[in-house]
Structures are given as structure tokens and as C-alpha cells.
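Using my numbering, the first residue of the sequence shown is number 2, and each one after it goes up by one.
Don't read these hints as lab results, they were simulated from the structure.
All figures in this text were calculated on a predicted structure; none of them were measured in a lab.
Incorrect hints may appear among the rest.
[Said to hold, decoys possible] Derived pair list, reagent style EDC-like, types lysine to aspartate or glutamate, alpha-carbon separation capped at 16 angstroms:
id	residue 1	residue 2
1	K103	E93
2	K225	E160
3	K103	E43
4	K225	E93
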Amino acid sequence: MNRYIILSVITFFIATFDVLAAIAGYWSVADSRTRNYILLVEAGVLCLLVFNSVLIMQSVKANQARLKVAKFTLTALLLCICGDVINFNLTEQFYTHGEVIKHDYLIDSIWFFAPGYALLLIAIWPILYRAFSLKQLVVCLLITMLVALICYVNMAIWEAGYYIVTMAFIYSFIIAIPACFGILLSFDAGISRSAVAVHLISFGLILATIADAIIGMFWLYGNKGVGYFPLARELNWFVYIMSQCIVIHLPRSLNIQSATLKCDASSTLEATSPASKLVGE
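Sequences and hints are given; from them, build the entire structure.
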């Protein structure tokens, strides 16, 4: 186990401790006496993610193709962290965009999460493009969008206002795609010992979609717009951090050989594979 994986495991365990303590009632973001301590711990978790992502980027700097993917991944993480800061709701303001949705500040964070996840998708797209035909990818994306549409229509509160409904509607399509890409990556990788890293990345991408589904269903629109807070927040944080701890390893874990996605075990340790084999060249 290399140091990058160890650092991700440590980060995840800190986040897990934070969530379990909150669920057990030892502290809560809804309690002014402990709110700042929780935010401090969570800020530390985000800093560890950035630190690990930077280390991963430095580890692949000799390989221009991997470095390009690493830059996309790091930038995506930084954008998502900006969204996290908004979701922290440091000013504790509610109903800022109307009188229907209490935690409508979540909508403002989409301005950062949407481009953040879009960068991840852009980094992964060439891999899938070389593994599947364009027709296959288009069909998968259309199916994904249909599922996203059905889910959104069934959870949205249309009285929430144009801004909230429209932003959440558009984002529901964007955030559904990571799960689609994750499934495609795993499908192409197949079942083999060498594909474990690919399946983990796929799992991380699927978790990203699940994390935002929790926000939409239980934090934003849940409980008739009031939200199941802070439980929904804790569940989202747990799934979201698990996702980020995995996805940041994308530059070291994915490789292209003969137009088929595979895991290059040696690259995971040393990142010495030829750049021409990695997507993004």
C-alpha cells in the first residue's frame, strides 16, 4: 500500500469519526456550541484531500499524459471544495431565494460543483471514447439523462422558484453522468485481479452521484423543503468524502492498452508507463 492510499484511508477515517460522532449526538452543526469544532475538522479533511491530490500530481509529473489528468483532477477537487464551503453555510442564512426551500444555499454551490465534476468527466471521456463506440456512449448518456429526469421530476418542489428548480434540474443531469461513466469503466475493465484499481475508481464515481442524490432528496427537497437536517448533511458528507478519497487517485490508476481500459499495476506504484498509452495524449 503506497503513501497516497494510506493518506486517503486516514482522511476517510477522520471523516467517518466526524459523522459517527454527529449521528451519536456528541456534536452537531445545528448546535452552536460544537458547530465550529465540526467545521474545523471538516476543513482539515478537505485540506488533506488537496494535499494528497497535489502529491499524486507530483508523482506523475514525468508523464505528461498522466500529469494532464492529474491537473484536471486537482482543479475539479478545488472547485468542489469551493462548493463545500458554500454548503457549510457559514453565515447560517436560510430561505435566501424564497420561502419554500430552507437550505437553498445548496443551489448556489452548484456554480462550483457543476464545473468541478464536468472537468472529471472531460478527463475520463477519452478513455471511454477509445473503449466504446460513439453510438454506444450516446445511448448510455441518453438513458442516464432519462433516469435523472424521472428522479428529478419525482422529488422536485415546483413552487420553489425558477432559480432553484432550474439550477437543480440542470445539475441533476450533470451529476448523473459520473455514475454512468463509472459503470462503463467497470464494464470495460472486466473481472480480473489487475482491474481492481479501475473498479475502485468506478465506485468512487458512482458514490459522487449518490452523494448529490442524498442532497437533492433529503437535504434540499426533503421534508417538504425543510430538509432532514443535519442527518442528511452527515450522510452526504460521509459518501462525498469517500468518493473524493477514491477519485483523486484517477491519474495513477487508469491506463489505455489496445483501446481497452486496464489497470497498469506498475503505474500504480511507479507511474512509469509510456504516456502514449494513457488517455489524454
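Original post:
Is K103 close enough to E93, meaning Cα to Cα at most 16 angstroms?
Top reply: holds, 11 angstroms
Subject >> Pairwise hint evaluation, E43 against K103, where the allowed Cα distance is 16 angstroms at most >> reply: violated, 22 angstroms
**OP:** Decide if the proposed pair is consistent with the structure: K225 and E160, CA atoms, cutoff 16 angstroms inclusive.
**Re:** Distance of about 11 angstroms is within 16 angstroms: holds.
Subject >> Given pair status - E93, K225, alpha carbons within 16 angstroms >> reply: Distance of about 20 angstroms is beyond 16 angstroms: violated.
Checked against the numbered hints above, the structure violates hints 3, 4; every other hint is satisfied.
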